[in-house]
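Given chain A, put chain B in place with the hints provided.
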Amino acid sequence: MLGRKLADRLFTGFCIASAALALIPLCSMLYTIIAKGVSVISVDFLTQLPAPAGEGGGFGNAIQGSFIVVGIASAIGIPLGVAAGMYLAEFPNTKLSRAVSFTADVLTGVPSIITGIFAYALIVVNFGGFSALAGGVALATMMIPFIVRTTEEAMKLVPWELREASLALGAPRWRTTLQVVLSTARFGIITGTLLTVARIAGETAPLLFTAFSNRFWFEGLMQPVATLPVMIYTYAISPFDEWHAQAWGGALVLVLMILTLNILVRLAAGRRW
Amino acid sequence: MESKIEVVELNAGFGSTHVLKNITLSIPRNKVTAIIGPSGCGKSTFVRCLNRIHELVPGAWVRGRVMLDGKNIYDSDADPVEIRRRVGMVFQKPNPFPAMSIFDNVAYGPRIHRMKNIQEVVEDSLRKAALWDEVRHRLKDSPVSLSGGQQQRLCIARALAVKPEVILFDEPCSALDPVSTAKIEELILELKESYTIVIVTHNMQQAARVADYTAFFLMGELIEFGETAQIFENPRDKRTEDYITGRFG
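As they're listed, the protein sequences go chains A and B. The numbering of the first sequence is the working numbering, which starts it at 704 and goes up by one. The numbering of the second sequence is the working numbering, which starts it at -3 and goes up by one.
Among the hints, erroneous ones may be present.
[What the hints assert, rightly or not] Pulled a few chain A residues facing chain B out of the computed Cβ check, cut under 7 Å:
#1 L705
#2 A868
#3 A871
#4 G873
#5 P875
#6 R878
#7 L881
#8 T887
#9 G905
#10 T907
#11 I940
[Claimed, not checked] Away from chain A, derived, C-beta distances all over 12 Å, residues of chain B:
#12 S(-1)
#13 N7
#14 P106
#15 Q115
#16 K179
#17 G222
#18 E223
What the hints contain is simulated information worked out from the structure, not anything from laboratory work. Even glycine gets a Cβ: it sits at the ideal position worked out from N, Cα and C.
With the rest of the complex left out, here is chain A (with noise of 0.2 Å):
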């Protein structure tokens, strides 16, 4: 009696003590970020171009760059995913959708350096240098094995029974899915690519040779454009100081950009009625 009782509490403690370790690194993190960080956020780092070392500058247009090539892998990868994701939600059974769905297994665990490759050898070779459509086409590779794979899962949460309700009353197979599956699963669906929107919105290796980095604001499409994953990594290898401590003001506002698109999701999901 003792005995279990005993050995109930030592696990319960082991599990407790465990979930603590698995925090501290996080904790940790967050607090070097903030620590290191928050001195050198303000208006002009926000807002300003980089400045050559000991002239100030800011990482203004990293912060742009960001929004673009993100907005750019978003436009492309989140249509393309999601349709494909219903496809292989609405038919399981073809030949094809069984190719999309091992393709979208294997390119879930492609290395990101790789990703960046393709992205390379498919816009840059061919279009004339690197570019921020070659940092957003790297970024929506990377995204759309995510959101195929969400978007299947949430429309597969959809009971047959909604098909064949609206198939009943006398609706076509793509009114059905559009306007009965998709809506039901919309949270899962909006949820899930939040958060890949935000996994990827910190990528830095794909973005290496293919957005490249810049000194000035964002230029166009086909131009290369500086991004905060690319411009902390340039700065935090640098050797001047002022440099690493603007890399840290960089980090923070990199993770205060993934932490909100988290917060989002959580009241995205708050909503599931």
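Here is chain B on its own, set in the frame of chain A:
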């Protein structure tokens, strides 16, 4: 007795499972026809063949004829979408669309079929389904907030809104309490004035209460079909009698 649907040598199943065997049956116009029989006897499959919903399940097959007003709905030139509009269905479990408002649930079918005066059609359908007074002030609410019985009446309103000629009820009360069941049964009796109704039921009292005609199915075969009173009081087949008196099933 004028028939609305003539089923002729209907066979149906899934893959190698033969569920319905040579069913021939006339469903009379503007009457309630009940389909009774033990679980797994093919009742549901039978009604699902009447509006071509059965064939949507992977592996399902159908052979034979189902004549709706004299025209075979399985003819190669028959349009399943049009047939499903003319032959509506109410399912076992209430299945309103959870992501749409009460109003949009009813308006969904009329919008798809580009009907005019959607507002009126919705109100009229909800009135016919005896739900209007309960929901008139909350048409924008989610149907999830309704009780099970209300949800089922909403599904009936949704089916009525596309102006069908036949309504199939597949065990519509099996998920409902007795009060809601009584309301649905009352509704079915009102609806038969304007519609031809087929109701699948597990509940023999229900068949006796609402149906003009009753068909008894057993292991995929039609054992007996006739006026409800005759089936219950004076069954011709021993197996019908055994089932009705509760000796099996």
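Going through the hints against the structure:
no.: 1; hint: L705; verdict: violated, 49 Å
no.: 2; hint: A868; verdict: holds, 5 Å
no.: 3; hint: A871; verdict: holds, 4 Å
no.: 4; hint: G873; verdict: holds, 3 Å
no.: 5; hint: P875; verdict: holds, 6 Å
no.: 6; hint: R878; verdict: holds, 6 Å
no.: 7; hint: L881; verdict: violated, 11 Å
no.: 8; hint: T887; verdict: holds, 4 Å
no.: 9; hint: G905; verdict: violated, 32 Å
no.: 10; hint: T907; verdict: violated, 38 Å
no.: 11; hint: I940; verdict: violated, 49 Å
no.: 12; hint: S(-1); verdict: holds, 22 Å
no.: 13; hint: N7; verdict: holds, 22 Å
no.: 14; hint: P106; verdict: violated, 9 Å
no.: 15; hint: Q115; verdict: holds, 18 Å
no.: 16; hint: K179; verdict: holds, 20 Å
no.: 17; hint: G222; verdict: holds, 29 Å
no.: 18; hint: E223; verdict: holds, 29 Å
Checked against the numbered hints above, the structure breaks hints 1, 7, 9, 10, 11, 14 and satisfies the rest.
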